[in-house]
Amino acid sequence: MTALLDIDQLLDTLESGLRQILQARGVDDPVLIGIRTGGVWLADVLGKRLGIAQPFGELDISFYRDDFSRIGLNPRVMPSSLPFDTEGRDIILIDDVIMSGRTIRAAMNEIFDYGRPASIILATLIDMGARELPIQPDVVGRALTLEAHQRVKLRGPEPLRIEVQESGQ
Amino acid sequence: MTANDPSPNHLQLTRDGQLRHFLTLDGLSQPLLTDILDTADSFIEVGERSIKKVPLLRGRTVVNLFFESSTRTRSTFELAAKRLSADVLNLDISTSATSKGESLSDTLLNLEAMASDMFVVRHSQSGAPHFIAESVTPGVAIINAGDGRHAHPTQAMLDMLTIRQHKGRFDGLKVAIVGDVLHSRVARSQIRALNVLGAEEVRVIAPGTLLPRDVEDLGCTVEYDMARGMKDLDVVIMLRLQKERMEGALLPSEREFYRLYGLNQEKLGLAKPDCIVMHPGPINRGVEIESAVADGPQSVILNQVTNGIAIRMAVMSMAMGGQMAERQQRQQEQQEGRA
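Taken in order, these protein sequences are the chains called A and B.
Using our numbering, you'd call the opening residue of the first sequence number 1 and step up by one each time.
Using our numbering, you'd call the opening residue of the second sequence number 1 and step up by one each time.
None of these hints come from the bench; they were simulated from the model.
Don't be surprised by glycine CBs; every beta carbon is placed ideally from N, CA and C.
Hints are supplied without guarantee of correctness; some may be wrong.
[Unchecked claim] Computed, partial: chain B to chain A, Cβ under 8 Å:
1. 39
2. 41
3. 42
4. 45
5. 49
6. 50
7. 216
8. 317
9. 328
[Claimed, not checked] Mimicking SDA-like on lysine to any residue, the simulated pairs with C-alpha atoms at most 25 Å apart in a straight line are:
10. 53/B x 75/A
11. 231/B x 287/B
12. 53/B x 81/A
13. 52/B x 112/A
14. 153/A x 13/A
15. 52/B x 13/A
[Unchecked claim] Counterexamples of contact, computed for chain B against chain A with all Cβ distances above 10 Å:
16. 74
17. 201
18. 269
The following block holds chain A by itself, in its conformation from the complex (with noise of 0.2 Å):
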């Protein structure tokens, strides 16, 4: 079975959230970095509507994992890409979905091996809750409760949508 969340008042939702807090911060000129895969895809949609002319970057957490002692290297790590300098920039890091928190908690040490920005604001799409890490997102497209057994997935790029699938039975 799969529930479809409507996407585009996510978008809406996460777009004016971002307006608001980049007027309250004085922050003219960000930059975007989407973290792979939903979080490029989302970075992409975002920076057209916030009108955004600088390309976003694309971030890889594989290399920054914490699990690496568990399960070792992700065997389909694909290179970062972040096309401006990082050093003394505002960032806006997106993410499709957050929970543990572990994922941002690696993103934020890899943009600081980059140089070290002026801020960053945390986006994503969807906040499921059951944090592991004091990490709070600044803009939510929407907070979701699910069931032990569903699952919670953004597909994409054209079109952007988003499944809630039943698994584990």
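Got chain A sorted already, so can you dock chain B onto it with the hints?
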């Protein structure tokens, strides 16, 4: 099992097919070699950052165990381990313990007692890394940094990475390996890798005295005449003349060798115009290769060095990852056994 075992994979792969040692290319599949190249591509990007370090091997200890001296290989392994955040110990065994009469097994036991997680081994005897991999404590990864005349798998893989960067593919490529194939562990690994990755033709060009017996069985064609051999080449790999290993009258003279098998502009002109020139180093200028060619626009010799760091990072992190995943599995099975 011996070093000549054709399928050493029960030793170098985990049950799930992940790398846990890197001893030889023999028996490794095309998808696995491609994974190594792809992972290395990601590490090349790391080398271009302001902080050229990732935390994968943080807290792990890597011992460079060199029973045979080397500058480039040892220093790129050291840099690779450091960029993975490992602690690195460089041991030049040729000048230490063994000269005091300590056996290889005792040296290893001592190093294991220092809680090492990985040994990078270079040895003049073929099969030494296999021997160490068989006797080492489970959980410790062994990387072959060149053993005797047998194999030099990281060198071959960095060469494959360099070829893929410049040619974008392997199928349809004609590649020649020129010179002292007899003493070359690099050539053996290169021929293997090129065959597995699907090059159209691997050609060795050398005098008969510098070819191993039945060299064709390695998966290559043989050409004794360099002018004929250079035709239609996409890649030419020059080997170093291993003067220190020459015993007896294998060569008339260096000058004669250079005249017949040295690479100069004129001979390079016989290959395809976009043919790239490679050399594992160190170069003997005027013995295997003319300076104008070594430093010329078709030379990718320095790219090879840069790629060497990325390939070694890839192999080290994949082998360590395989070992750790296996360690995790063992612990789980033990717990389940107790429960």
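Tell me the numbers of any earlier hints that the structure contravenes, in ascending order. 7 and 15
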